[in-house]
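Asks: Fit chain H to the known structure of chain E by using the hints.
Each protein sequence line maps, in turn, to chains E and H.
In this text, residue positions in the first sequence follow this note's numbering: the first is 64, and each later residue adds one.
In this text, residue positions in the second sequence follow this note's numbering: the first is 64, and each later residue adds one.
Treat the hints with care, as some may be off.
[To be verified] So the derived label-pair ranges between C-beta atoms look like this:
no. : chain 1 : residue 1 : chain 2 : residue 2 : range
1   : H       : V353      : E       : A190      : 47 to 53 Å
2   : E       : A95       : H       : V397      : 42 to 48 Å
3   : E       : A190      : H       : E204      : 17 to 23 Å
4   : H       : E80       : E       : R185      : 43 to 49 Å
5   : E       : S182      : H       : S78       : 40 to 46 Å
6   : E       : H205      : H       : R386      : 52 to 58 Å
7   : E       : S182      : H       : V353      : 55 to 61 Å
These are calculated hints, taken from the structure and not from any lab test.
Please read all numbers here as calculations on a predicted model, not as lab measurements.
Glycine included, each C-beta is placed from N, C-alpha and C at the ideal position.
There are 2 protein chains.
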Amino acid sequence: MALIVQKYGGTSVGSVEKIEQVAEKLIAAREAGHDVVVVVSAMSGETNRLIELAHRIAENPDPREYDVLVSTGEQVTIALLSMALIKRGCPAVSYTGSQVHILTDDAHTKARILDIDESRIRDDLNAGRVVVVAGFQGRDEHGNITTLGRGGSDTTAVALAAALQADECQIYTDVDGVYTTDPRVVPNARRLERITFEEMLEMASLGSKVLQIRSVEFAGKYNVRLRVLSAFEDGPGTLITFEEENMENPVISGIAFNRDEAKLTILGVPDQPGVAYRILGPIGEANIEVDMIIQNIGADGTTDFTFTVHRNDYERALGILTRTAGELGAREVVGDDNIVKISLVGVGMRSHAGIASTMFKALADEGINIRMISTSEIKISVVVDEKYLELGVRTLHDAFHLEQAPAA
Amino acid sequence: MALIVQKYGGTSVGSVEKIEQVAEKLIAAREAGHDVVVVVSAMSGETNRLIELAHRIAENPDPREYDVLVSTGEQVTIALLSMALIKRGCPAVSYTGSQVHILTDDAHTKARILDIDESRIRDDLNAGRVVVVAGFQGRDEHGNITTLGRGGSDTTAVALAAALQADECQIYTDVDGVYTTDPRVVPNARRLERITFEEMLEMASLGSKVLQIRSVEFAGKYNVRLRVLSAFEDGPGTLITFEEENMENPVISGIAFNRDEAKLTILGVPDQPGVAYRILGPIGEANIEVDMIIQNIGADGTTDFTFTVHRNDYERALGILTRTAGELGAREVVGDDNIVKISLVGVGMRSHAGIASTMFKALADEGINIRMISTSEIKISVVVDEKYLELGVRTLHDAFHLEQAPAA
Numbered sequence: 064m065a066l067i068v069q070k071y072g073g074t075s076v077g078s079v080e081k082i083e084q085v086a087e088k089l090i091a092a093r094e095a096g097h098d099v100v101v102v103v104s105a106m107s108g109e110t111n112r113l114i115e116l117a118h119r120i121a122e123n124p125d126p127r128e129y130d131v132l133v134s135t136g137e138q139v140t141i142a143l144l145s146m147a148l149i150k151r152g153c154p155a156v157s158y159t160g161s162q163v164h165i166l167t168d169d170a171h172t173k174a175r176i177l178d179i180d181e182s183r184i185r186d187d188l189n190a191g192r193v194v195v196v197a198g199f200q201g202r203d204e205h206g207n208i209t210t211l212g213r214g215g216s217d218t219t220a221v222a223l224a225a226a227l228q229a230d231e232c233q234i235y236t237d238v239d240g241v242y243t244t245d246p247r248v249v250p251n252a253r254r255l256e257r258i259t260f261e262e263m264l265e266m267a268s269l270g271s272k273v274l275q276i277r278s279v280e281f282a283g284k285y286n287v288r289l290r291v292l293s294a295f296e297d298g299p300g301t302l303i304t305f306e307e308e309n310m311e312n313p314v315i316s317g318i319a320f321n322r323d324e325a326k327l328t329i330l331g332v333p334d335q336p337g338v339a340y341r342i343l344g345p346i347g348e349a350n351i352e353v354d355m356i357i358q359n360i361g362a363d364g365t366t367d368f369t370f371t372v373h374r375n376d377y378e379r380a381l382g383i384l385t386r387t388a389g390e391l392g393a394r395e396v397v398g399d400d401n402i403v404k405i406s407l408v409g410v411g412m413r414s415h416a417g418i419a420s421t422m423f424k425a426l427a428d429e430g431i432n433i434r435m436i437s438t439s440e441i442k443i444s445v446v447v448d449e450k451y452l453e454l455g456v457r458t459l460h461d462a463f464h465l466e467q468a469p470a471a
Numbered sequence: 064m065a066l067i068v069q070k071y072g073g074t075s076v077g078s079v080e081k082i083e084q085v086a087e088k089l090i091a092a093r094e095a096g097h098d099v100v101v102v103v104s105a106m107s108g109e110t111n112r113l114i115e116l117a118h119r120i121a122e123n124p125d126p127r128e129y130d131v132l133v134s135t136g137e138q139v140t141i142a143l144l145s146m147a148l149i150k151r152g153c154p155a156v157s158y159t160g161s162q163v164h165i166l167t168d169d170a171h172t173k174a175r176i177l178d179i180d181e182s183r184i185r186d187d188l189n190a191g192r193v194v195v196v197a198g199f200q201g202r203d204e205h206g207n208i209t210t211l212g213r214g215g216s217d218t219t220a221v222a223l224a225a226a227l228q229a230d231e232c233q234i235y236t237d238v239d240g241v242y243t244t245d246p247r248v249v250p251n252a253r254r255l256e257r258i259t260f261e262e263m264l265e266m267a268s269l270g271s272k273v274l275q276i277r278s279v280e281f282a283g284k285y286n287v288r289l290r291v292l293s294a295f296e297d298g299p300g301t302l303i304t305f306e307e308e309n310m311e312n313p314v315i316s317g318i319a320f321n322r323d324e325a326k327l328t329i330l331g332v333p334d335q336p337g338v339a340y341r342i343l344g345p346i347g348e349a350n351i352e353v354d355m356i357i358q359n360i361g362a363d364g365t366t367d368f369t370f371t372v373h374r375n376d377y378e379r380a381l382g383i384l385t386r387t388a389g390e391l392g393a394r395e396v397v398g399d400d401n402i403v404k405i406s407l408v409g410v411g412m413r414s415h416a417g418i419a420s421t422m423f424k425a426l427a428d429e430g431i432n433i434r435m436i437s438t439s440e441i442k443i444s445v446v447v448d449e450k451y452l453e454l455g456v457r458t459l460h461d462a463f464h465l466e467q468a469p470a471a
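The following block holds chain E by itself, in its conformation from the complex (with noise of 0.2 Å):
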């Protein structure tokens, strides 16, 4: 008998007869003598319809009004999921954030969790019941409500796993494992059977949506044993590992990409100790989030500093930099918001040399041009206009044969 987490995102309880097919996954996994724990998004449409409503009455809500709002859509989802038990026969009871003391910070929209008590839970699975838990929300210290932002319910449902020290956390979605990239886009594009924790959290900020990069870090932080599997068929899915030693690891494991990206550089900053603070203390301050940074040092005692922003965040942060420049006597501004990234991810690329330029030669071969380049021990990354991403993906995923799975 193993002690479960599932997490159904709302595209999998998006209807009252989707809810009534999750809580019949759930009673065949009581049925196979599992405790189960189970973490539900708000239905899908739900969320969008109350921020709707936020935004009629203001265009910038305020943000502890906005997470009372929306946190009310897992609310309905866990009452419906756990009538739906109830009447099947299976007990079950149904938490919010607050009523299981999901601790957080206090950053309204975005918070994170600090915390779990999870006696409650598990006198409840003591008791024989599955426990119906709210995702993407918690508390503050004072009981206000916060949310985790979006997405936020698949490390609910690891922090959960985590405080319960679960056998599995698995998350349901719509796709049946991680792919070598997106199949949209490689049509032979490959289901992984087990990735590392560093490889997925290359993966998942990269903007291969199939789990949030924040649940992974936690995952990977508590030990928490994390398999992506279908909510609509079965399947093995992708098991999110640890690297074990006697493990032949590929050297590519997949191609990530990312469409909403945007580039600003400043040119001929006056090469000071601090400059970088300087720069991107405000734009940090603002909240917007900074990807890639690259800065190279000029001739003549000036350098240029360039960093990529969601392109949501793009005008803001011109205005931000445009401010900065004047502060710093820099020569220019400039940015570009027609831009992507594109990065090879593998554990397995640390061990060899060359993958750099094998990816290189491939994008040049097909006429792309690379606009940046940067690179940590297990990814290289590089920003191309954004026209060429479906041609540069499909050119790397061939140039390394991910179609074709590893010898074991």
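Replies: Positioned in the frame of chain E, the structure of chain H alone reads:
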């Protein structure tokens, strides 16, 4: 400067536009120098939408989960109203019933308020905020979400007013006060400047649906000054007060009526101690509420026993009573679900003789046959055939000159 609790029902907050209007009214009250706590219901239609979802899952949804579900309705409204206030520069904060510790018993779907911890609200008021509280809901001692049943938002408002020792509790509705009777039946029905709690209780329980009866009981018990006003037009409304010694009370304050009555009679019951309990016990156990009860003792050692129930419960009550009649050896069970009840209400009738005879004569003059009579300290009720409802109410309104305000 006064502390005012205002309550707006589902129609008054039924759209984003109406929520914005409520925000304006609240700001006006603040600009008049008042501290304001506001209690709101779910947007009209929302509770029904949620209930329909529940009923698509289960015919009899689990009551605990039902409360988790429907309580989201008010949570949406409090967030939207707070956003509307904050957008207008008015500091505001929303709370669910749980968050302000509206402690109830654990009778899900019809819980009763046991206690309120008003300290958090008091702190917010001191900090200059409008406090927006979800009506209709609370939590039990274990932190489970409870609801007070339909219309319970009035009770929330009165309970908060009591806990905060507010100067006035204002219930905004779609009518501009309490009338001598329903203006749809009697066009010259008159708005009452004031009415006593006792009269209001009789009016409310008899079908004048302006206020939830439980909230009036609460207001009376905790000495809360209660006022009913229109959410859509300005005006003083009707003040609900204690009877004052130097107050010249009108003999009759109003005429209430109830269309949804049905009566059942068990004839020829052997007259033994405990017979009333044996007849009404099974009815009560079936959760059928009994309104009027009349018992006559016959000449032959048997008794006739008549009571009225809500028309929706008529068939069920008839089945139960027929079984009881068999057990008791009664002669016959008869019933009628085409009846209505008309009641004269007024604290002044205590000190005036002849009210009943004036009433009975007026009805007799119009050929209206009285089927049952029941009296209390401040009301006289008659049951008549349904077809006589409008004629009966108009006749009595005229007979007691209710269209004229009483002399001061």
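Asks: Take the C-beta atom of H:V353 and the C-beta atom of E:A190, compute their distance, and say whether it sits inside 47 to 53 Å.
Replies: violated (38 Å)
Asks: Mind checking the hinted window 52 to 58 Å against the Cβ distance between E:H205 and H:R386?
Replies: holds (57 Å)
Asks: Between the beta carbons of H:E80 and E:R185, is the distance compatible with 43 to 49 Å?
Replies: Holds - the Cβ-Cβ distance for H:E80 and E:R185, about 47 Å, lies within 43 to 49 Å.
Asks: Does the Cβ pair E:S182, H:V353 satisfy 55 to 61 Å?
Replies: violated (45 Å)
Asks: Can you let me know if the beta-carbon spacing of E:S182 and H:S78 is within 40 to 46 Å?
Replies: holds (43 Å)
Asks: Between E:A95 and H:V397, does the beta-carbon spacing fit 42 to 48 Å?
Replies: Violated, since E:A95 and H:V397 (Cβ atoms, about 59 Å apart) do not stay within the stated range.
Asks: Per the hint of 17 to 23 Å, is the separation of the Cβ atoms of E:A190 and H:E204 within bounds?
Replies: Since E:A190 and H:E204 have Cβ atoms about 18 Å apart, the given range 17 to 23 Å holds.
In summary, the numbered hints that this structure violates are 1, 2, 7.
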